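Q: Sequence:
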Amino acid sequence: MKKINLSELETFCEKSLVAAGMSQSDAKITAEVLVGTDAFGTHSHGTKNLFGYIKKAVAGGVSLTAQPEIVREGPAYALIDAHNCIGMVSSYKAMELAIEKARECGIALVTVKNGTHFGAAGFYSNMAVGKGMLGIAMSNVDPNMTIPGARGMILGNNPISYASPLESAPSCFLDIAMSNVASLKVVQARKDGKSIPDTWIVDKNGLPTTDPSHYPEEGAMQPMAAHKGYGIAVLVELLTGVLSGGNISSLGEIPSWCFVPEKPNGVSNTFIAIDVDKFAGRDNYIARSEAFMGALHNTDKAQNAERIFVPGEIEWEKYNKAKEALELPDAVADSLCELSTYNGISIPWID
Numbered sequence: 003m004k005k006i007n008l009s010e011l012e013t014f015c016e017k018s019l020v021a022a023g024m025s026q027s028d029a030k031i032t033a034e035v036l037v038g039t040d041a042f043g044t045h046s047h048g049t050k051n052l053f054g055y056i057k058k059a060v061a062g063g064v065s066l067t068a069q070p071e072i073v074r075e076g077p078a079y080a081l082i083d084a085h086n087c088i089g090m091v092s093s094y095k096a097m098e099l100a101i102e103k104a105r106e107c108g109i110a111l112v113t114v115k116n117g118t119h120f121g122a123a124g125f126y127s128n129m130a131v132g133k134g135m136l137g138i139a140m141s142n143v144d145p146n147m148t149i150p151g152a153r154g155m156i157l158g159n160n161p162i163s164y165a166s167p168l169e170s171a172p173s174c175f176l177d178i179a180m181s182n183v184a185s186l187k188v189v190q191a192r193k194d195g196k197s198i199p200d201t202w203i204v205d206k207n208g209l210p211t212t213d214p215s216h217y218p219e220e221g222a223m224q225p226m227a228a229h230k231g232y233g234i235a236v237l238v239e240l241l242t243g244v245l246s247g248g249n250i251s252s253l254g255e256i257p258s259w260c261f262v263p264e265k266p267n268g269v270s271n272t273f274i275a276i277d278v279d280k281f282a283g284r285d286n287y288i289a290r291s292e293a294f295m296g297a298l299h300n301t302d303k304a305q306n307a308e309r310i311f312v313p314g315e316i317e318w319e320k321y322n323k324a325k326e327a328l329e330l331p332d333a334v335a336d337s338l339c340e341l342s343t344y345n346g347i348s349i350p351w352i353d
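Using my numbering, the letters of the sequence shown correspond one by one to residues 3 to 353.
Quick caveat, the hints were computed from the structure, so don't treat them as lab data. Do not rely on the hints blindly, as some may be mistaken.
[Unchecked claim] Computed list of lysine to aspartate or glutamate pairs in DMTMM-like fashion (alpha-carbon distance at most 20 Å, straight line):
1) K325 <-> E10
2) K133 <-> E34
3) K187 <-> D332
4) K320 <-> E12
5) K187 <-> D213
6) K303 <-> E315
7) K320 <-> E169
8) K325 <-> E34
9) K320 <-> D332
All figures in this text were calculated on a predicted structure; none of them were measured in a lab.
Given the sequences, and given the hints that come with them, work out the whole structure.
A: Right, here's the structure in full:
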């Protein structure tokens, strides 16, 4: 495990992106999203992927200079064409727009088409919390998940996140994909030569397997909770690819962002901001939320249980610890070191 200061890691990411051809402002946004994601402990979607984004740009699959464009909008909605810009930029600006519109209308939805991998949905839902609002973020992705009764990849695991403001903590939030685990975890297990639980993927015959060595060439992710995860993944697809008029995973219109670097990813994202002050009133909403969280915390514990967590509590504890020094798993540190060797920009690790 290597350690680094959050600000130093952001600076390294910014410099790397600028050296690759991105503007300083867009590099700052991208670095903020990736480093913030690592601070939450979601290392599969943080700075580990930075070199992959840069290599994809070199291969022609993503643009580091394109700018998202509003193509339709009204008081409480907007449609953005990302023009294949890096996903953090279009997503950050889309949630900013949703927040701005929600401040006037109480609730707003902004959907994005022709986007690319946007990292972790939880970062964007928490952007709304930073402005005193409830945030929801979601994305469709390339087909990587099977569905009940099927074999092979037919639907994306389509992540969704919500975040709601609190007083005792920055937010109550959840960030999940509809598969039992993120597909990148299966890929990492394959790289490490490790077996996996039989609830993660199915083999080429549609049967659960503990062997990741043939994924993603064969098999598919399993949806969480069977038909329940399947059904929510369909909802995310409707609210992203279908609603935006963008690409739909099940129609074969979205290639993998990392396994097909030369092709645009073409995903769609949707961001919703709700100004709680317009409804119950901010003070009342926060007070009731705290009472709600208190009831969850104080529920009678199961035998041998030591603590009950509310959604987001574990992530915020990791985030606060990361403010002192961020510990990065070897796979993340190795990827950053490879990028450092590639671009000649040093990484100021903490001894």
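Q: Checked against the structure, which of the hints given earlier come out wrong?
A: Nothing - there is no hint that the structure violates, so all of them hold.
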